[in-house]
Amino acid sequence: MAGFTDDLLFSREHTWVRIDGNIATIGITDYAQEALGEIFSVDLPNMDTYVEQDEPFGTIEAKKTVAELISPISGDIISVNEDLSDDVGIINSDPYNTGWMIVVAMSDSSELDDLLDADEYGDFVEEDEKGR
Amino acid sequence: MDEAILRENQRRGSDARPTLRFYGWTKPTISLGYFQDVAAEVNIGFCRRNNIPIIRRPTGGKAVLHHDDLTYSVIALEDNHLFPAGLLGTYKVISRCIAAGLEKLGVRADILQEGRESESAELSAFCFSVPSQYELLVEKRKICGSAQIRSRGVFLQHGSLLMNFDPVQTCRALVTSDGPVSEEASKLQQRVTSFYEYADRRYAYEDVCGILKRAFEESLGIRLVDGVLTEEEETVKERLLEYKYRDSRWNMEGKRPYEY
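Chains as they are written, first to last, in the numbering used here: chain C, 1 to 132; chain G, 1 to 260.
Rather than coming from a laboratory, the hints here were simulated on the basis of the structure.
Every beta carbon over 10 Å from chain C, so not counted as near; a handful from chain G, in silico:
hint, residue
1, Thr71
2, Ser186
3, Val225
4, Ser248
The calculated lysine-lysine pairs, modelled on PhoX-like cross-linking and capped at a C-alpha distance of 25 Å, are:
hint, chain 1, residue 1, chain 2, residue 2
5, G, Lys213, G, Lys104
6, G, Lys244, G, Lys255
7, G, Lys237, G, Lys213
8, G, Lys255, G, Lys237
9, C, Lys63, G, Lys140
10, C, Lys63, G, Lys255
11, G, Lys104, G, Lys140
12, G, Lys187, C, Lys63
13, G, Lys92, C, Lys63
14, G, Lys92, G, Lys140
15, G, Lys213, G, Lys92
16, G, Lys27, G, Lys244
Covered by chain G, per the in silico footprint, the following chain C stretches (three or more residues, Cβ under 8 Å):
hint, region
17, 23-37
18, 40-52
19, 62-70
Each residue gets a CB set at the ideal place from its N, CA and C atoms; glycine is no exception.
Whenever a hint applies, use it, and build me the whole structure from the sequences.
Laid out in structure tokens, this is it:
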């Protein structure tokens, strides 16, 4: 499975989290962007919005579907990727770096225990595909 | 109601009940796709003057003027064995079911294998102006348009099957400038069709629903059980109506309830 990065944690809802102390940067995985296909727009909350683990924090519109973005952790949004309003295509082309979506000040770091490492996420995706 | 069933399916997880609904519209109504800009894509003045409400769907896609159409919705777990993996899998399966139903009603529809591009900038915001992959066409004209949302392992796909089509009224509602629409209406007429252009007789609305239901059962090898909303779905529906679908901030501005 290409595109996985070792320094990230992953959710079963296909988001990734990069941790720096108490700060978490969040985006969608390469697997998710590929499944969605060409992304047309993304709707993200404003700064200071509180997001809750396993609850929607935004929405993506791709060619044939709308997909809700589910937050992998809880906390206050301290930054939103403004570059996405100029070129949402970077979610497709560079999902783990310039295609990041929000930065959150975590309110409960124990929630990270619910997330998967790269190997576990790779297995999860494989199982998911096999189940069809 | 569709979103209430989606939310309840999410809550129930593996106990979710896949649901098929058919419904109609008591008066002409515009439904916008989730991301559409109402001012850029709907003639708001015309809609106000003609008492046409504008609502926003939870799903993507483009604007639809509902009136003489039959709307379907399917809500199920993404990993339900009836639907293949991938976003387009549900379009393909559901289109096959509807095509089988139309065939029983004497209308032969084809499933489009490759999507097309819109040829008209003025009507590019209108759902039926451009067919997408796996949508249904009769003699190369679109008869049914669909859209979906996926969230937390559940998908909701709904679509509009045109029973009759009024290109002039559609253009008046969806071309943002007032003025003659005959040119656009004629372009639309070439690309869009409706059930009664081909059906050999009138059917009661309930009969069409019944035949489509049977086509879903036969195509998918399942038996559908008639039902009403559960108590939980009713509660979620009421909450969604209050905080979302009766609120102009959602319908007209596209703001999600937690942003109010």
